[in-house]
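I would like the entire structure built from these sequences, with the hints used as guidance.
Chains as they are written, first to last, in my numbering: chain A, 13 to 144; chain B, 83 to 197.
No lab work stands behind these hints: they were computed from the structure. Please note that the accuracy of each hint is not assured.
Unchecked claim - Listed below are several chain A residues computed to face chain B (Cβ distance under 10 Å; list not exhaustive):
(1) N20
(2) K48
(3) N51
(4) S52
(5) K56
(6) E63
(7) V69
(8) E70
(9) H71
(10) G114
(11) M115
(12) N118
(13) I119
(14) K122
(15) I123
What you are looking at is a predicted structure, and each value in this text was computed from that prediction instead of being measured. Where a beta carbon is used, it is the ideal one built from N, C-alpha and C, also for glycine.
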Amino acid sequence: MKKGEIMNEIVLKVPASLRLMSLVRSTIKNYLEIEKVSNSEISKLLSVVDELATNAVEHGYDYDEKDMLVIRVIKETTKIVIEVEDFGIGFQGEGNSKEEGGMGLNIVRKIVDGIDMVKKDRGLMIRVFKYI
Amino acid sequence: MITNFEIIEEEKNGVVVLRVSGELDALVAPQLKDRLIKLMELDKKNFVLDFEGLSHINSLAMGIIRGRLKDIREKNGDIKLIKLNDHITTIFEMVGLDELFQIFNTEEEALNSFN
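Below, the structure written as structure tokens:
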């Protein structure tokens with residue numbers, strides 16, 4: 013990063029708990045409003061964050077709140093990049109809960125313009141971007 | 083942090099109207115599931131879900147509503163949806179739930195559709 017350059021990103025490191033998802037969405041909403049992203053785009057991006065983070069809590073950690081999630085949101089000139097990283101067993105692709113039936117990742121894929129899943133030695137990092 | 087989720091229940095002409103407001107995420111979705119199951123145990127089978135105050139919905143919640151719809155239709159009942167905002171409508175369309183449910187703009191239209 014060059015001196016004087018404004019880094020338009022926020023990084024949230026939170027316990028892997030569904031109880032904190034509202035806080036995560038609220039914080040990211042505030043950030044995107046500051047970055048003057050439209051309300052319509054913000055609603056869609058919050059759905060993306062919620063689906064990815066909930067998947068990580070459920071599949072990465074099996075609801076074990078001792079572990080952490082890292083959520084990064086980056087505002088670039090023409091797009092928003094979202095990264096959700098866990099350090100657990102990792103989301104196994106389409107292995108969504110029976111009740112949810114795989115809808116979560118379908119929603120994410122329909123909203124974003126690109127998705128990349130990086131399997132790590134421990135956990136998974138999903139990076140998506142959406143043009144705005 | 084607790085989400086601002088709330089369900090207000092009302093009965094009109096034998097139809098249970100559930101006004102669901104706030105953020106329906108994976109944390110609180112089981113509350114809606116439990117409420118619907120308890121009402122079904124009381125032999126209620128016709129429901130209107132009023133989403134006017136709903137700002138966010140998670141896929142787990144949509145899966146729960148879809149699952150209950152199947153159970154209720156097997157008992158010759160139904161779940162109708164009203165007052166979805168643009169975002170919720172878009173999300174429903176993305177996963178095809180707009181074709182599964184009857185969706186109305188007003189409560190009156192939904193209630194009349196049970197007759």
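Structure-based check of each hint:
1. N20: Violated, because the Cβ-Cβ distance from A:N20 to chain B comes to roughly 24 Å (cut-off 10 Å).
2. K48: violated (18 Å)
3. N51: holds (9 Å)
4. S52: holds (7 Å)
5. K56: It holds, given that the least Cβ distance between A:K56 and chain B is near 7 Å, below 10 Å.
6. E63: holds (6 Å)
7. V69: Interface hint status for A:V69: holds (8 Å vs cutoff 10 Å).
8. E70: Result: holds, 8 Å to nearest chain B Cβ.
9. H71: Hint violated; A:H71 Cβ to chain B Cβ min 12 Å, cut 10 Å.
10. G114: Check passed: Cβ of A:G114 comes within 8 Å of chain B, closer than 10 Å.
11. M115: For A:M115, the interface hint holds, since the closest Cβ of chain B sits about 4 Å away, which is under 10 Å.
12. N118: holds (6 Å)
13. I119: Check passed: Cβ of A:I119 comes within 5 Å of chain B, closer than 10 Å.
14. K122: holds (5 Å)
15. I123: holds (8 Å)
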